[in-house]
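Starting from the known structure of chain A, fit chain B onto it as the hints suggest.
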Amino acid sequence: MAEALTQKRETGEADIRAVAADWIARLQAPDLDAAQAADFDAWLSAEPAHARAYDAALAVTLELEAAAPRISEALADEPAPRRAGRRGWLIAGGLAAAGAIALAVMPYDVLAPTKTETYVTAKGEHRRLKLADGSTIEMNAGSRLSVTLERGERRVVLPEGEAVFDVAADKSRPFLISAGDRTVRVVGTRFDVRHRGHALSVAVERGVVEVRPADGAPGRAWRLRPGQRLDASEGRPAVQFSAVDPAEAESWRAGRLIFRDQPLGEVVADLNQQFDKPIVLDDPVLAATRVSGVLVLDDQAAVLRRLALLAPLKALPSGKGVVLRTDPAAKP
Amino acid sequence: MADAPKPSATDDPLLAAYLERRANLVRFLAARAGSLAAAEDLAQELYLKLAGRERAQDIGNPTALLYRMALNLMLDRARGEARAAARDSAWRQTAHAQVAGIDVADEPAADDAAAAAQRLRQLVTAVRELPPQAGRAFRLHKLDGLSHAETARVMGLSVKAVEKHVSAALKALTAKLGPRLNS
Chain A
1 MAEALTQKRE TGEADIRAVA ADWIARLQAP DLDAAQAADF DAWLSAEPAH
51 ARAYDAALAV TLELEAAAPR ISEALADEPA PRRAGRRGWL IAGGLAAAGA
101 IALAVMPYDV LAPTKTETYV TAKGEHRRLK LADGSTIEMN AGSRLSVTLE
151 RGERRVVLPE GEAVFDVAAD KSRPFLISAG DRTVRVVGTR FDVRHRGHAL
201 SVAVERGVVE VRPADGAPGR AWRLRPGQRL DASEGRPAVQ FSAVDPAEAE
251 SWRAGRLIFR DQPLGEVVAD LNQQFDKPIV LDDPVLAATR VSGVLVLDDQ
301 AAVLRRLALL APLKALPSGK GVVLRTDPAA KP
Chain B
333 MADAPKPSAT DDPLLAAYLE RRANLVRFLA ARAGSLAAAE DLAQELYLKL
383 AGRERAQDIG NPTALLYRMA LNLMLDRARG EARAAARDSA WRQTAHAQVA
433 GIDVADEPAA DDAAAAAQRL RQLVTAVREL PPQAGRAFRL HKLDGLSHAE
483 TARVMGLSVK AVEKHVSAAL KALTAKLGPR LNS
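First to last, the protein sequences are chains A and B. Using this note's numbering, read the first sequence as starting at 1 and increasing by one per residue. Using this note's numbering, read the second sequence as starting at 333 and increasing by one per residue.
Simulated crosslink set (EDC-like; lysine to aspartate or glutamate; CA at most 16 Å straight-line):
id, chain 1, residue 1, chain 2, residue 2
1, B, Lys-496, A, Asp-31
2, B, Lys-508, A, Glu-13
3, B, Lys-492, A, Asp-31
4, A, Lys-123, A, Asp-299
5, B, Lys-381, B, Asp-408
6, B, Lys-508, A, Glu-63
7, A, Lys-123, A, Asp-276
8, B, Lys-496, A, Asp-15
9, A, Lys-171, A, Glu-150
10, A, Lys-171, A, Glu-153
11, A, Lys-320, A, Asp-276
12, B, Lys-508, A, Asp-55
13, A, Lys-123, A, Asp-298
14, A, Lys-115, A, Glu-150
15, A, Lys-171, A, Asp-133
16, A, Lys-171, A, Glu-210
17, A, Lys-277, A, Asp-298
18, A, Lys-314, A, Asp-283
Ranges between beta-carbon positions, derived for each pair:
id, chain 1, residue 1, chain 2, residue 2, range
19, A, Asp-31, B, Pro-511, 24 to 34 Å
20, B, Ala-448, A, Arg-212, 39 to 49 Å
21, A, Leu-309, B, Arg-385, 45 to 55 Å
To be clear about the criterion: a stretch of chain A counts as covered by chain B if any three or more of its residues have a C-beta under 8 Å from a C-beta of chain B, and this derived list gives those stretches:
id, region
22, 32-41
23, 49-59
24, 153-159
No wet-lab data here; the hints were simulated from the structure. Beta carbons are placed, not taken as given, at the ideal position from N, Cα and C, and that holds for glycine.
Same shape as in the complex, but just chain A (with noise of 0.2 Å):
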């Protein structure tokens, strides 16, 4: 890419406009590496006009990522992108986006791309999603999750988070939720994924559920049956099965923590997706502690005085949050 950049023919202003254009791509891109930075910057420094054209893509490049959210809200509330030049759509954007009025209802367009919505639940926040096919979702809290209802398919990336889905049955329309390199597919179930970091793990209460790699990872299908969990790590094509009460795999509905013989790195985890001021867990020997018990989810002090009672350790405050130490005090 950078070599394709660098040796562009740039003769137009419209060149050297896509060129950079194609160069803050780059620059944004998860991939990039310091030569082809080093590239970047040559090509900036080789003629004034790159360095205008670069600055201009970047001036509302800024602008847009800076105004995203209220660009969001404006586009969220008309249906699919248009023709262009239509007066009336520019008014009822403009009006929405001055946040004074309520859109009219705009005709039903058949031929209107896909929407993704994407929903975002913060620390100790949880959050309902009634979606149009009439399956629910329930995000726990430090969860981010986008849905893009199909016609032929219904999907949900979940990146990071924990969430629980009750999917309406539509046998013509299966459900694929993708979190890292596995995509779980079911029909009509409800059931827990939870996805931290590169830990994925799913529990079935209702209905059967498939577990897949995603294409080109590795890993084989496996199905689930109410009752049974999951577990697996991304990159790796072993996966370790559990029985579980689905009430349990869900207990954060309810404002609990449920664990048994689950390190306590994970249940640390757990904890600072529900409150704001961090857990700091240091210790790998601490971290590795296997910890069973129920945790009542009111605040934080009050938790963490409880988990002392199920594991060797002290709670001891630090800067912006709480350190756990092993408690020499506590040793069996």
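Chain B alone, transformed into the frame defined by chain A:
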């Protein structure tokens, strides 16, 4: 900024490269960090790092090393912050949607309101008029905050194709919204 040690640039090729390329570095950092202010902060942090480091004997390509250091600096800093910020802003956005579009907290000052509303209309119109695929990639990635990989998954495209669409969208948006260029 606070007084930093000021070694002589002439006998330090890396520092010399930094001083020569500072404007380019800020442009680079702004694209990745999301604002010029953040880019200036990062450039300053990079300078302090350079000034305080052990001088290496032989630096092959000072420009590449400079950009590698800049990338690492951003990785260190951005990881946690960006995530939290994106989560907060998206959450605020959804929370606002629940109060019937009346956004009290973000209300601009009265004299700026008309200009801001007009500019916002221009932005919205320009995004709405993007070609379908470029528009969808732009909305998912830039407005909804999905990563390149997530956008690719939702659209059923490769990550490279997403980057192409985003670039095409930026080109069209710059032509429409950017300053007139006279070259």
